[in-house]
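Residue numbers (the numbering used here), protein chains in the order written: chain E, 617 to 923; chain C, 8 to 131.
Everything labelled a hint here was simulated from the structure, so no lab data went into it. Hints are supplied without guarantee of correctness; some may be wrong.
Unchecked claim - As a list, the in silico DSSO-like pairs of lysine-lysine whose alpha-carbon atoms are at most 30 Å apart:
no.: 1; chain 1: E; residue 1: K884; chain 2: C; residue 2: K12
no.: 2; chain 1: C; residue 1: K104; chain 2: E; residue 2: K831
no.: 3; chain 1: C; residue 1: K49; chain 2: E; residue 2: K681
no.: 4; chain 1: E; residue 1: K765; chain 2: C; residue 2: K76
no.: 5; chain 1: E; residue 1: K831; chain 2: C; residue 2: K12
no.: 6; chain 1: E; residue 1: K884; chain 2: C; residue 2: K61
no.: 7; chain 1: C; residue 1: K107; chain 2: E; residue 2: K884
no.: 8; chain 1: E; residue 1: K831; chain 2: C; residue 2: K49
no.: 9; chain 1: E; residue 1: K884; chain 2: E; residue 2: K909
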Amino acid sequence: MSKFDRRRFIKLAGLGGGIVFASSLSRGFGLNALGSIVDYANAKVENDFYFVQLSDTHWGFSGPKVNPDAEGTLKKAVQAVNSLEVQPDFIVFTGDLTHTTDDVQIRKDRMSQFKDIVGGLKVPTVHFMAGEHDASLDRGDAYQEAFGKLNYTFDHKGVHFIVVDNVSDPGASVGESQLNWLKADLKQQKTDARIVVLTHRPLFDLYPDWDWSTKDGAAVIDALMPHKNVTVFYGHIHQENHHMTGHIAHHSAKSLMFPLPAPGSVPKKAPLPWDASAPYKGLGLRSIEAEPKQAKYEIKELNVTGA
Amino acid sequence: MDHKKRILLTGVLLASAVVSGLLIYTRANAVPVERVIHITAKNFQFSPDSITLKKGEPVVFEISSGDRKHGFSLRGFGVRTDVLPGEVSRIRLTPDKTGKFTFSCDVFCGDGHEEMTGTVIVTE
Numbered sequence: 617m618s619k620f621d622r623r624r625f626i627k628l629a630g631l632g633g634g635i636v637f638a639s640s641l642s643r644g645f646g647l648n649a650l651g652s653i654v655d656y657a658n659a660k661v662e663n664d665f666y667f668v669q670l671s672d673t674h675w676g677f678s679g680p681k682v683n684p685d686a687e688g689t690l691k692k693a694v695q696a697v698n699s700l701e702v703q704p705d706f707i708v709f710t711g712d713l714t715h716t717t718d719d720v721q722i723r724k725d726r727m728s729q730f731k732d733i734v735g736g737l738k739v740p741t742v743h744f745m746a747g748e749h750d751a752s753l754d755r756g757d758a759y760q761e762a763f764g765k766l767n768y769t770f771d772h773k774g775v776h777f778i779v780v781d782n783v784s785d786p787g788a789s790v791g792e793s794q795l796n797w798l799k800a801d802l803k804q805q806k807t808d809a810r811i812v813v814l815t816h817r818p819l820f821d822l823y824p825d826w827d828w829s830t831k832d833g834a835a836v837i838d839a840l841m842p843h844k845n846v847t848v849f850y851g852h853i854h855q856e857n858h859h860m861t862g863h864i865a866h867h868s869a870k871s872l873m874f875p876l877p878a879p880g881s882v883p884k885k886a887p888l889p890w891d892a893s894a895p896y897k898g899l900g901l902r903s904i905e906a907e908p909k910q911a912k913y914e915i916k917e918l919n920v921t922g923a
Numbered sequence: 008m009d010h011k012k013r014i015l016l017t018g019v020l021l022a023s024a025v026v027s028g029l030l031i032y033t034r035a036n037a038v039p040v041e042r043v044i045h046i047t048a049k050n051f052q053f054s055p056d057s058i059t060l061k062k063g064e065p066v067v068f069e070i071s072s073g074d075r076k077h078g079f080s081l082r083g084f085g086v087r088t089d090v091l092p093g094e095v096s097r098i099r100l101t102p103d104k105t106g107k108f109t110f111s112c113d114v115f116c117g118d119g120h121e122e123m124t125g126t127v128i129v130t131e
């Protein structure tokens, strides 16, 4: 399945019911709706791939007026990902995996329960990052014990992914040491390298009065600026938002626990109430189709059932 | 008027001129009295959470924490401070514009941090 382009697969699959792809796919051929042989291997666009972003699952949150299915929503999302016809290359969780608590043991328990649930994902490669709810009260100690490093990089099919931690400092800074680490990493990358930054808070000042910013985010953006192909995916604000800082695109994801109001739209930020007539409204996950050659990322928003 | 009386009168006049001059100087150079506004950060709330000021009126915010570390940020005037238990943090401000300005805790302090905000209203 991974040997051919997913979009072409979906388009071809959409041509008509009754097409059987199964056995022929292993050798890269299949029948189209008209019964002609299609060479899927040649239809492949080299290195294109897709991944899924889930965010702000807030495992441990309780508030029936906001989400009466607080214990079921993440499980539904896991099912939704597992039901995707073509499985993603990997999954990213952009922070606030758990809801904050002062109790260290409860924090650890929530992280353990979260890991058990997402352990049900079929995709073997999952990249985690922390949110302030996971890491700000203990500077990331419990998080690192459960999930590993707070900032790191990985490469996939020609794209360099950089995970930036803007949450383990309760003051919402990346900090000088991490900035130096980032600059050193970027030095290794060509200026036309395909770079994706994954982080929790917005790196730009989206709405600082609601903590929707990173104190030294401008320094991170400055460091990224010399690179021509940079895209940022983040969470934290529990809704879709798309913003450009120069040539750098920033895309925030929906939450899997509760939606939040649009930036500055109400005097006090508070979770939006559950809409019984439209359950799970405002919640969701997304698939991101990466086309490294064109440095393009096609985002498709999915609801908690994957539709 | 004899010589002694003339000297005495001159002295009195000179003394009153000096005293008047001093009074005028002191008034002109006096530091305006700052209004002190006490704010407590506790249980994910600021108290008070609504503060009315007058444009041009100098104030000093004295902020203390009743539980844990918080932050106080009034971005509309570009001021902030950490608020630590057992200490009083001070911010001096003379508002130069009118309007409604949000202040918030900018140090993540736990469940409820997101709702820890208040408003400064500056009138003419």
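Against the structure, the hints come out as follows:
no., hint, result
1, K884(E) to K12(C), "violated, 77 Å"
2, K104(C) to K831(E), "holds, 25 Å"
3, K49(C) to K681(E), "holds, 25 Å"
4, K765(E) to K76(C), "holds, 25 Å"
5, K831(E) to K12(C), "violated, 75 Å"
6, K884(E) to K61(C), "holds, 24 Å"
7, K107(C) to K884(E), "holds, 13 Å"
8, K831(E) to K49(C), "holds, 23 Å"
9, K884(E) to K909(E), "violated, 43 Å"
Checked against the numbered hints given earlier, this structure breaks hints 1, 5, 9; the rest are met.
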